[in-house]
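Each chain is listed here by its residues.
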Amino acid sequence: MSANGHGHARVFCRNPKLAWREIDGEIVIISPEDSSVHELNETAGMFWRSADGKRDVDEIVRELASLYEAPVELVRADVDELILDLTSKNLLVDSLMQVRP
Amino acid sequence: MGQESSIQSAEPLHISIGQVPMSLLFAEEGLREKAVSRYRDFAGAPDGLQIRLNHPVTSFAESPEFEYTLDDAGLRLRESEAEFRGVRHEYALDSLIRILLTVRLLPEQGFLLHAASIVRDGRAYIFMGRSGAGKSTVASLSPEGSVLTDEISLVRFQDGEWRAHGTPFWGEFRAAGHNHDYPVAGIYCLTQARENRIERMLPRDVLRAMLPCVLFFSSDATANSLLLGLLVEFLGQVPCHRLHFVKDSSFWDVVAS
Chain A
2 MSANGHGHAR VFCRNPKLAW REIDGEIVII SPEDSSVHEL NETAGMFWRS
52 ADGKRDVDEI VRELASLYEA PVELVRADVD ELILDLTSKN LLVDSLMQVR
102 P
Chain B
-6 MGQESSIQSA EPLHISIGQV PMSLLFAEEG LREKAVSRYR DFAGAPDGLQ
44 IRLNHPVTSF AESPEFEYTL DDAGLRLRES EAEFRGVRHE YALDSLIRIL
94 LTVRLLPEQG FLLHAASIVR DGRAYIFMGR SGAGKSTVAS LSPEGSVLTD
144 EISLVRFQDG EWRAHGTPFW GEFRAAGHNH DYPVAGIYCL TQARENRIER
194 MLPRDVLRAM LPCVLFFSSD ATANSLLLGL LVEFLGQVPC HRLHFVKDSS
244 FWDVVAS
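Taken in sequence, the protein lines are chains A and B.
Position 80 (the first sequence) corresponds to 81 in the numbering used here; numbering is contiguous.
Position 120 (the second sequence) corresponds to 113 in the numbering used here; numbering is contiguous.
The hints are simulated quantities; they were obtained by calculation from the structure and are not laboratory data.
Don't take every hint at face value.
As the list claims (entries may be wrong) - A short, non-exhaustive set of chain B residues, derived as facing chain A with CB atoms under 8 Å:
1) Leu63
2) Met194
3) Leu195
4) Pro196
5) Arg197
6) Leu204
7) Ser211
8) Asp213
9) Ala214
10) Asn217
Claimed, not checked - Label pairs and their in silico Cβ distance ranges:
11) Glu23/A x Glu21/B: 46 to 56 Å
12) Thr184/B x Tyr69/A: 31 to 41 Å
13) Gly26/A x Ser30/B: 47 to 57 Å
14) Ser124/B x Glu40/A: 23 to 33 Å
15) Glu188/B x Pro72/A: 45 to 55 Å
16) Ser218/B x Thr88/A: 13 to 23 Å
17) Phe53/B x Leu75/A: 51 to 61 Å
18) Thr88/A x Ser56/B: 29 to 39 Å
As the list claims (entries may be wrong) - Residues of chain B placed beyond 10 Å of chain A at every Cβ, according to the derived structure:
19) Val50
20) Asp64
21) Gly67
22) Arg69
23) Glu74
24) Asp87
25) Gln102
26) Arg113
27) Gly138
28) Glu144
29) Glu154
30) Gly179
31) Ala216
32) Gln230
33) Ser250
Every residue, glycine too, gets a C-beta built ideally from N, C-alpha and C.
For reference, chain A alone in the conformation it holds in the complex (with noise of 0.2 Å):
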């Protein structure tokens, strides 16, 4: 049973225009179309390093919600906050997507 109820994985990917590194434990993300930089936690940046375009969003829900030993549910929750916010602004992009022009 996926996530999305419809059948099939989400997956999802860093958008490859994007620059990003990891400093005292958070992300700093640099958009370099229009300059603009944002900053994720800890537990968003952990979701952030997964989102490698090949392991589908219930697999890295599980794994979040093992490593802090949550519920699955309540982790799943903020992980699709966090892809809601992350897509909006195009930091993440679906994998069967087109990246936005």
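Mind docking chain B on chain A? Use the hints.
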């Protein structure tokens, strides 16, 4: 044809900034004279990147590797040559040289930063901040001859250490800077205050303050990734502080301690 012959007869001006050699090929003697005066302390050897200024015909047979337009002026760059166009005065020339330097410094592990660099006891202290933060103030309160720049610092990783170079880019201090380089003692985010105080900062907090102060003009993801990696390395290896300072030379007491 007359323009062509004057271009060919103009003596190239060889300069070196941050150990990046450049040879400027002028089409107009007037602009050349101003550049000679402006970069007089930054003379270089005649083996630098050839930069043709305001030349009517492009020498680029292929697409440039980097291109940038700033108001009416612009630059095109390839590995071995560059062109500046629309350069009406020495200030536009200064701007284009700065843009070019950001590109040429990156593979050499170097970058430009809105910051003053001041030498004390053989080491360079970098005071960072946007306009009005106090860069020129700390420069003016420092001993004569100790200021590498009061506006734009050039930092490079060389021989296993970060070094700050003098630049000809200055602000209110109106000094030409010195073409010397020194190991970096630390970086200080400037805050004007009623008492001198220094506090240690996390590299990530300095990075947050630093990013708007870094000069960079490429929209290429790989270049931005290289730059970000370089800044993270720099901040991981150099002491990071916030300097609360009053407007007199007593701030050096807390910095040097």
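Hint check results:
{"no.": "1", "hint": "Leu63", "verdict": "15 Å, violated"}
{"no.": "2", "hint": "Met194", "verdict": "10 Å, violated"}
{"no.": "3", "hint": "Leu195", "verdict": "5 Å, holds"}
{"no.": "4", "hint": "Pro196", "verdict": "6 Å, holds"}
{"no.": "5", "hint": "Arg197", "verdict": "4 Å, holds"}
{"no.": "6", "hint": "Leu204", "verdict": "5 Å, holds"}
{"no.": "7", "hint": "Ser211", "verdict": "7 Å, holds"}
{"no.": "8", "hint": "Asp213", "verdict": "7 Å, holds"}
{"no.": "9", "hint": "Ala214", "verdict": "5 Å, holds"}
{"no.": "10", "hint": "Asn217", "verdict": "4 Å, holds"}
{"no.": "11", "hint": "Glu23/A x Glu21/B: 46 to 56 Å", "verdict": "49 Å, holds"}
{"no.": "12", "hint": "Thr184/B x Tyr69/A: 31 to 41 Å", "verdict": "37 Å, holds"}
{"no.": "13", "hint": "Gly26/A x Ser30/B: 47 to 57 Å", "verdict": "50 Å, holds"}
{"no.": "14", "hint": "Ser124/B x Glu40/A: 23 to 33 Å", "verdict": "24 Å, holds"}
{"no.": "15", "hint": "Glu188/B x Pro72/A: 45 to 55 Å", "verdict": "50 Å, holds"}
{"no.": "16", "hint": "Ser218/B x Thr88/A: 13 to 23 Å", "verdict": "21 Å, holds"}
{"no.": "17", "hint": "Phe53/B x Leu75/A: 51 to 61 Å", "verdict": "58 Å, holds"}
{"no.": "18", "hint": "Thr88/A x Ser56/B: 29 to 39 Å", "verdict": "33 Å, holds"}
{"no.": "19", "hint": "Val50", "verdict": "32 Å, holds"}
{"no.": "20", "hint": "Asp64", "verdict": "18 Å, holds"}
{"no.": "21", "hint": "Gly67", "verdict": "19 Å, holds"}
{"no.": "22", "hint": "Arg69", "verdict": "19 Å, holds"}
{"no.": "23", "hint": "Glu74", "verdict": "25 Å, holds"}
{"no.": "24", "hint": "Asp87", "verdict": "22 Å, holds"}
{"no.": "25", "hint": "Gln102", "verdict": "15 Å, holds"}
{"no.": "26", "hint": "Arg113", "verdict": "28 Å, holds"}
{"no.": "27", "hint": "Gly138", "verdict": "36 Å, holds"}
{"no.": "28", "hint": "Glu144", "verdict": "20 Å, holds"}
{"no.": "29", "hint": "Glu154", "verdict": "20 Å, holds"}
{"no.": "30", "hint": "Gly179", "verdict": "17 Å, holds"}
{"no.": "31", "hint": "Ala216", "verdict": "8 Å, violated"}
{"no.": "32", "hint": "Gln230", "verdict": "13 Å, holds"}
{"no.": "33", "hint": "Ser250", "verdict": "25 Å, holds"}
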